[in-house]
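Q: Each chain, letter by letter, is given below.
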Amino acid sequence: MSTLIEAENLTRILPAIVPVTLVRDVSLMVSEQEFIAITGPSGSGKSSLLYLLGLLDRPTSGTLRIEGRDTSQLDDDELARLRLESLGFVFQFHFLLPEFSVLKNVELPMRKAGRLSASQMSERAAGLLEDLGLAGHLDKRPDQLSGGQRQRVAVARALANDPQVVLADEPTGSLDSKSSEQVFTILKDLVKKRGKTVIAVTHDMDIAARVDRRIHLVDGKVVSDERVAQAAV
Amino acid sequence: MRVILELALTHIAGRGRQTLVAILGVALGVGFSIAMAALMQGTEKDFIAQLVDTMPHVQISDERRTPRRQPAEDLFPAARFEGLRPKEDRRGILNPAAAVASLRSWIPGRMAQSLRTQGVIRYAGRDVGVSVIGIEPEIEAQVSSVAGDFVEGSFDSLRAGGNNIVLGDTLANRLGASVGTTVQLVSPTGQSRGFKIVGLFHTGNNARDEGETYVLLKNAQILSERPNAINDIRLRLDNPEAAPRVARQIEAELGYKAVPWQEANESLLEALVVRNVVMYTVVGAILLVAGFGIYNIISTITHEKARDIAILKSLGFTQGNMRSLFLIEGLALGLGGSIVGWLIGFLLCFTLSQIEFKISGAAVGREITNLPLYWTPWHYAIASAFALVSSGVAGYLPARQAARLNPVDIIRGAT
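Which chain is which? The protein sequence lines are P and V, in order.
Taking the working numbering, the leading residue of the first sequence gets 1, the next gets one more, and so forth.
Taking the working numbering, the leading residue of the second sequence gets 234, the next gets one more, and so forth.
Any given hint might turn out to be false.
As the list claims (entries may be wrong) - Some but not every residue of chain V turned toward chain P, in silico, with C-beta under 8 Å:
1. VAL236
2. GLY247
3. ARG540
4. ILE544
5. SER547
6. LEU548
7. GLN552
8. PRO640
Simulated from the structure, these hints should not be mistaken for lab results.
These numbers were taken from a predicted model, which means no experiment stands behind them.
Glycine is no exception: its CB is placed at the ideal position from the N, C-alpha and C atoms.
All chains should be built: construct the whole structure from the sequences, respecting the hints.
A: This is the structure we're talking about:
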């Protein structure tokens, strides 16, 4: 299995009068087709680490290689390009654009990438949404959907440009248990059926118990990084 | 990029009322500045047209701009004369026939020569000082605007045998005289003749209606005891704008002072420049205020759409994309405002041009006037260019801020 993300001594310090260390000296390797949960108490820096891995934030020190490229050498536009093509995001709140239909929301990253024709884009977006059980909702606006449905739209959007890695920040954090289960199943299928790598920040221990690999953070430091036997899934 | 355009239009459309207010702000600015510019330039052109119409375009008199050079100065480079008393010279323009003939050969327009002198009209025990202008009626009619202002008679009436005079109606009223009355005209040299009034004119200019009289050139020369003299040549050019150039050439040729209408009305024209500065300042201020309206709405949108910015950036849209997104929103408001503004400006101009008003007062030639409006596409272009630039700037400032937003800050704030 090839390495997708390679982090070495990542540290993120918020510059302030009293500097706050969000992430402290984290090193980790992420390979293809892994389902990773980042856990830890509130304020342990798990989201901050995810933003660093997702190139939304730059580390204060340390190096981060994505698909072999050293990200510290890239400017903001190149990072945006890498985000667009290699990474997909799902946040705790769906973060869909409220004025656009579900279909348009999913098309958005494809339109930015500009590789497909208009009809190919809507075909692909519709396909992704149908796979996630949203066939009848393509033309609805996000506020006409339930929380679980919106989160599934967000997953479809994350997959729009077929990235290798999907990063999820508390993807089930604002959902009821039934919807959580659905979303979790979808994320798991991304790994098992589509061969993606999913890194999810979660404080839901039930979910954390069912992934391939758990990284536990305390005060911005990795205190444990354990692989769970496949049988447990 | 089409996605950005679509996002921008969606943002704007999503805020119906505010968008309408911002567009109206720009539109009113554009509309009023178009109407104001049309009115200001219209009145200016009308004013200059009247000025050019009533005045000779170039007036040549028997004066010189600098004292005549003394022969000794020509002979000896070291010689200087200052404060010499000018020689008594009442001959007027030297050799007028030759001067007129040489001018006639190249002047692009018409010309009339005359003798201008002072006199006193004496009638019914009243003395009124007037300027007496000796003219040749058929030539004068081509050059002078007075020819079109006759209430009774005309310049040609002067020819009808005997000593005849034409004067302004206000003057006639003051004297209590009318057409057919014979008045005494006394010249500075003491000559006194009876002149019969054969015509009255009304120019609308009080100074002229009260103080100008016309007689035949010959009569004026006799009155002032200056046979064959001419001291005033007036030109009416085909192109009034050429006056300064023609005047310079005449001065070089004849040596006499030739005053173009622009020089004669320098202070008035300067006042027009000041007026224009005032106008453009006011118009600029209106559009600037409209610009602030745009700034306000765009910066509200960027604040409200901070989440969208974070989402789009996390999806892989660049800072440049975000900048152009909000810049386009500003420009779209500016463009929308410009187009509505053109309509408002056009309607305002149309309405203003329909207004008729009466100017009260006896001393006015035309009784009913319309506002003079000057129509040019330039006003429309300049107003909307200014609106677009100010809305571009108004959009750019918040756009730059939006582009710099760190998505992590917003996502953190939301979770």
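Q: Given ARG540 (chain V) was flagged as interface, is its beta-carbon under 8 Å from a beta-carbon of chain P?
A: It holds, given that the least Cβ distance between ARG540 (chain V) and chain P is near 7 Å, below 8 Å.
Q: Against chain P, with CB atoms and a cut of 8 Å, does the hint on GLN552 (chain V) hold up?
A: This interface hint holds because 6 Å falls under the 8 Å limit.
Q: Under 8 Å is the threshold here; is the Cβ of GLY247 (chain V) close enough to any Cβ of chain P for the hint to stand?
A: For GLY247 (chain V), the interface hint holds, since the closest Cβ of chain P sits about 5 Å away, which is under 8 Å.
Q: Quick check on PRO640 (chain V) please, does its C-beta sit within 8 Å of some C-beta on chain P?
A: Holds, about 5 Å.
Q: Under the criterion of a CB-CB separation shorter than 8 Å, is VAL236 (chain V) in contact with chain P as hinted?
A: 4 Å, holds
Q: Quick check on the hint: SER547 (chain V) CB to chain P CB, less than 8 Å?
A: 5 Å, holds
Q: Verify the interface restraint on LEU548 (chain V): the C-beta must sit less than 8 Å from at least one C-beta of chain P.
A: 5 Å, holds
Q: Hint ILE544 (chain V) vs chain P: min CB-CB distance below 8 Å?
A: 5 Å, holds
Against the hints set out earlier in the document, no violation occurs for any number.
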